Structure formats: C-alpha cells, structure tokens
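Given the sequences, and given the hints that come with them, work out the whole structure.
Last residue of the sequence shown: 80 (this note's numbering), numbering continuous.
Some hints here could point you the wrong way.
[Unchecked claim] Derived DEER-like restraints, expressed as beta-carbon distance ranges: (1) Arg54 to Ala16: 49 to 59 Å; (2) Glu17 to Asp37: 28 to 38 Å; (3) Asp37 to Glu12: 36 to 46 Å.
FYI, nobody ran anything at the bench for these hints, they're computed from the structure.
Quick caveat, the model's predicted, so the values are computed rather than measured.
Beta carbons are placed, not taken as given, at the ideal position from N, Cα and C, and that holds for glycine.
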Amino acid sequence: MATGDSAAAGGEGASAELRGVVTFVRREKEITELQLDLPKQENVRLKAYSDCLRQTLDDTRKLLSEVFESEFVHGLHLCK
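Here is the structure:
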C-alpha cells in the first residue's frame, strides 16, 4: 500500500504542477492578447486624431481663403 500512497501523492503533485502550468499559460495568453490589442487601439486613436487635424486644416484653409478674398477685393476697391 505504501507504493500506492506514494503514487497517489506523486499524481497529486503532478496535477498541481499541471494546474500551475495551465494557469501560467492562460495568464501569458491574456497578456499577449492585451499586447496585441494595444496597437490596434492606438491606431484607432491616431486615426481619429488625424481626421480631426485634417478637418481643422480644411477649415483653416477655407477661412484663410475667405479672408484673402475679402482683403483682396476690399484692397481693389481702395485702389480704384
């Protein structure tokens, strides 16, 4: 029976070790998934920022064009 008891104890130890390995692998998988998700989130954030900057640039160009045209037309009237 002593052999059976030590085999059972060895089996329990192996099971505990296996559970530890499974826990470690799951944790590593979760960390890896998060590391892969971060660049995707950053890409979305940077795209939104880029779109916002592009819209601001378009608005500024439009305003500058309007001011230039207004001043140019106003300036022509003064020259006449």
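Against the structure, the hints come out as follows:
About 57 Å separates the C-beta atoms of Arg54 and Ala16, a value consistent with the hinted range of 49 to 59 Å. Under the hint 28 to 38 Å, the C-beta atoms of Glu17 and Asp37, about 31 Å apart, fit the expected range. Separated by about 37 Å at the C-beta atoms, Asp37 and Glu12 satisfy the suggested range of 36 to 46 Å.
Comparing the model with each numbered hint stated earlier shows that all of them hold.
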